[in-house]
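Residue numbers (the working numbering), protein chains in the order written: chain R, 1 to 436; chain U, 1001 to 1480.
Worth flagging that the hints you see were computed from the coordinates, not collected in a lab.
What you are looking at is a predicted structure, and each value in this text was computed from that prediction instead of being measured.
Since no wrong hints were added, every one of them can be taken at face value.
Here are the simulated lysine-lysine pairs, DSSO-like style, with alpha carbons at most 27 Å apart:
1) U:K1056 / U:K1440
2) U:K1440 / R:K149
3) R:K46 / R:K415
4) U:K1021 / U:K1056
5) U:K1446 / R:K149
6) U:K1094 / U:K1056
7) R:K46 / R:K149
8) U:K1213 / U:K1308
9) U:K1154 / R:K149
10) R:K415 / U:K1446
11) U:K1135 / U:K1154
12) U:K1135 / U:K1213
13) U:K1154 / R:K274
14) U:K1135 / U:K1094
15) U:K1154 / U:K1213
16) U:K1440 / R:K415
17) U:K1056 / R:K415
18) U:K1016 / U:K1056
19) U:K1297 / U:K1308
20) R:K274 / U:K1213
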Amino acid sequence: MSSEITIRGLSPLTESCPADEAQLAELLTLAGAGGAACYIAGGLTKQDWGPAPARIDRLVSTAGLSGCSDVDPDNLTLSAAPGTTVAEARERAHAVDRILPLDPGHPGRATIGGVVATGDQGARAAGYGGLRDLVLGVRATLADGSAVKFGGRTMKNVTGYDMTKLFVGSFGILGVITEATFRLLPRFDSQAVAILPLPSLDEAKASVARIIASYLQPLALEVISADALPPDFASSTAKLPGGRAATGAPAAGGRPLLLAGFSGHRAAVDRSIKEVTEAHPGVAAQVLRDDAAETLYEHLAASGPEAGGDRLGLRASVPISRALDMVAAAQTCAASNGLSVGFRAGAARGRVDLLLATRDGSGPNTDAWFASVLSHMRAQAVSMGGSLFVTGGAALLPGGYDAWGDVGPSLAIMKRIKERFDPTGILNPGRFVGGI
Amino acid sequence: MTRTLGERLRAIVGQKNVLDKLVELQTYEYDAYLERSVPRAVVFVETTEQVSRVLKILADEGIPFVPRGCGTNLSGGSLALDGAVVLEMGRMNKVLEIDIPNQHMTVQVGIFNLDISTILSPLGYYYAPDPASQKACSLGGNIAENAGGPHCFKYGVTSNHVLGVEVVLAGGEIVWLGGKNADPLGLDLTGTFVGSEGTLGIATTAILRILRKPEAVKTLLAVCDSLEDGGNVVSAIVAAGLMPATLEMVDNRTINAIEDSMACGFPREAAAVLLIELDGLRDGMEEMAEAITSLCKASGVPEVRVAKDEDERQALWRGRKGAFGSISRLAPNYMVADGTVPRTKLPEALRRVGEIGCRYDIRIASVFHAGDGNLHPLLLFDSRDPADREKVMAAGMEVLRVCAELGGTVSGEHGIGVEKLAALPLVFTDDDLRAQGLVKEAFDPKGLANPGKLLQRTGNGAGADGSAAQAARAEVPAGV
Chain R
1 MSSEITIRGL SPLTESCPAD EAQLAELLTL AGAGGAACYI AGGLTKQDWG PAPARIDRLV
61 STAGLSGCSD VDPDNLTLSA APGTTVAEAR ERAHAVDRIL PLDPGHPGRA TIGGVVATGD
121 QGARAAGYGG LRDLVLGVRA TLADGSAVKF GGRTMKNVTG YDMTKLFVGS FGILGVITEA
181 TFRLLPRFDS QAVAILPLPS LDEAKASVAR IIASYLQPLA LEVISADALP PDFASSTAKL
241 PGGRAATGAP AAGGRPLLLA GFSGHRAAVD RSIKEVTEAH PGVAAQVLRD DAAETLYEHL
301 AASGPEAGGD RLGLRASVPI SRALDMVAAA QTCAASNGLS VGFRAGAARG RVDLLLATRD
361 GSGPNTDAWF ASVLSHMRAQ AVSMGGSLFV TGGAALLPGG YDAWGDVGPS LAIMKRIKER
421 FDPTGILNPG RFVGGI
Chain U
1001 MTRTLGERLR AIVGQKNVLD KLVELQTYEY DAYLERSVPR AVVFVETTEQ VSRVLKILAD
1061 EGIPFVPRGC GTNLSGGSLA LDGAVVLEMG RMNKVLEIDI PNQHMTVQVG IFNLDISTIL
1121 SPLGYYYAPD PASQKACSLG GNIAENAGGP HCFKYGVTSN HVLGVEVVLA GGEIVWLGGK
1181 NADPLGLDLT GTFVGSEGTL GIATTAILRI LRKPEAVKTL LAVCDSLEDG GNVVSAIVAA
1241 GLMPATLEMV DNRTINAIED SMACGFPREA AAVLLIELDG LRDGMEEMAE AITSLCKASG
1301 VPEVRVAKDE DERQALWRGR KGAFGSISRL APNYMVADGT VPRTKLPEAL RRVGEIGCRY
1361 DIRIASVFHA GDGNLHPLLL FDSRDPADRE KVMAAGMEVL RVCAELGGTV SGEHGIGVEK
1421 LAALPLVFTD DDLRAQGLVK EAFDPKGLAN PGKLLQRTGN GAGADGSAAQ AARAEVPAGV
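Whenever a hint applies, use it, and build me the whole structure from the sequences.
In structure tokens, the structure reads:
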């Protein structure tokens, strides 16, 4: 059927929704024969990440490949098809008293295939780890239509190359993931999040450094700008069940909020929350427990900062102690360019999401100017030993901008891998690093 | 080897740092597997630059190479096949950086695994992967094999703790994969490289994630009347939502071998013991230990001992980690079948392994990472008896077949090497293997990096047959 969907301004000629692996294989084989560029689509929640594809002839939706083929609470594994939403898969784990440790943005729409392909992991990455640590096995259909499987359902597996790692975060350039198997966690005895409005970023930096150096093991350690959240955030969380109403004023715009979440034995959680809150005697902390804490994480994921329009979205990955330096650099850059900045920094992972927006359309506001902001912020990330890519707002940037940044000499290996897996270049061409 | 090659290599590393006399090379013709193969030469390298220059020369001459750490590999991964040159990495053992605020360290790969945590200990940190051989194995080998260890159950394997790795590719190009951040750009080549058994290039330096030492540790020893009871306890602990750092089991034969050699306090009469360690904050730990004790009792395991102090705890771990060494007193040789099954299949796997032992009339001692479903049945034999040796090979393959049938895999942490090439079709289709071959081609198009390992050779029908030919010329004491 012809497609009505537009991806980054490109309209695919056709849209397909294979119902099984055989149909997917046939479709890819045909596309290969005709040199038709395929765009692999899940929930389209990350279509603005990285550059637009070089071209799209055929949109291949994974929506027809859906459901959890295996949920094994005793072995702590769950296998799901790519079109399954993260919310649905998490629900399946929840039903057998387990946790599927995925915490991407927009879990109601984000799919298993999309999350594995992009490696998106949010606030709870501090405790859960990254996607690469959680995927035990993948099945995939390659560009030539062959169905392959790697890894399995065991925690340990050194049988052959660790191809699972190769596919996690590969943005669909090597094949279409048709199933992923994840490690599950037992349900927590207890969990809680402390929310502390801190007077300054410096104070937030000192606080997270103290937590990281301590015996505490946070599930989430986020420093976020109040304006990266809905305006009624403080009052709405105060009303959540178990939430303790904030005695002070809600965090003012620009003041960072520290979210420190813990999980495990109730006594350990209580001690952790106590240590964090007592380190800030003058700060009115809110503590959300159990279901209320869960609701907060859901809220964070569902209300992820949406770039686009007049807002440039950036995601940096830096060594952990530099996460808030990255935020400070963004604030400086924003101040000198008349921009506002929203941020979410995963301080135990070094993940920093930034949203730079013009104030009331003021400022030079040209694409060259946004390009210079991008290159400045990227240079900051690189100088800290990290990297930075664009997650939205491509319309603000000039054509041919570098959405990913320089990968370095290992790019040559990545290109050789791509050439061998997809010799006719039909899988998400142009979407990945280095124009791959 | 030609005199020219020797001269060229000596020009890089110095006169004394190349071995090429047969009597010298024989030291390097084996690892902890059963086969032997004499290398063309052994080169002691001290810098990444030297590794690069050596590999460039070898590429010019079309000569394959094998990196070698401490030679503890159990699957023949360190064997120099096809007249390969061995690069001895042991001198590259320096710590280059310890970065506490960023929780990583940069080290050269020749460092002993245990030395990493020993160095970090005064700083309150440690490196999580802890293979039982950690006193004798090096990081480079751990990276090549994606080594595990008891703490994997909670903390993951080597690949979960390597952030970046400096690699010299065949041909001599030096390239960094990954880095100091958790989510670098592009394909996860670090994750792909870890566990590649030296077939994609030589790692020279690695950036490791380091962890804060836990505030408290509690070690319990469940004394089981049967292996099955032990398996049930493991399932009950997981089902109850508890997440110990380790769940390790050893059987009666192993217990007695350990007690004979080092008297660690394992009860000799027990059918099996399960070593359970909790770590984390001290708050709640006592209650969790009590919960585990109750679960043990409910699963028919009446006796649970608690290590009273650090000395007792260390003694128990000395026993567990010395298990393989202790087994050496039971027979001249052992072969470890390193299969993995989904945890719940462990009792069935153990029963069927027992049956295989009976059928082949082979004594088996079992050590296993019960939390991970990773079995290590040690098949005892005497390699001087060709019939015994053949029998053990056949029985080992049957054990792997059982693991594959139960939904597991043929290697949990010891690698494919040459040992398990023939077992790959038990878990992979031709297409699966072909796709893996693409990765090898992309890194090492000329096939010079550790040839004959991890994947069957393609084209000329060698491979498994080739390794059998290697076996035919070897008569080796294993497990030394």
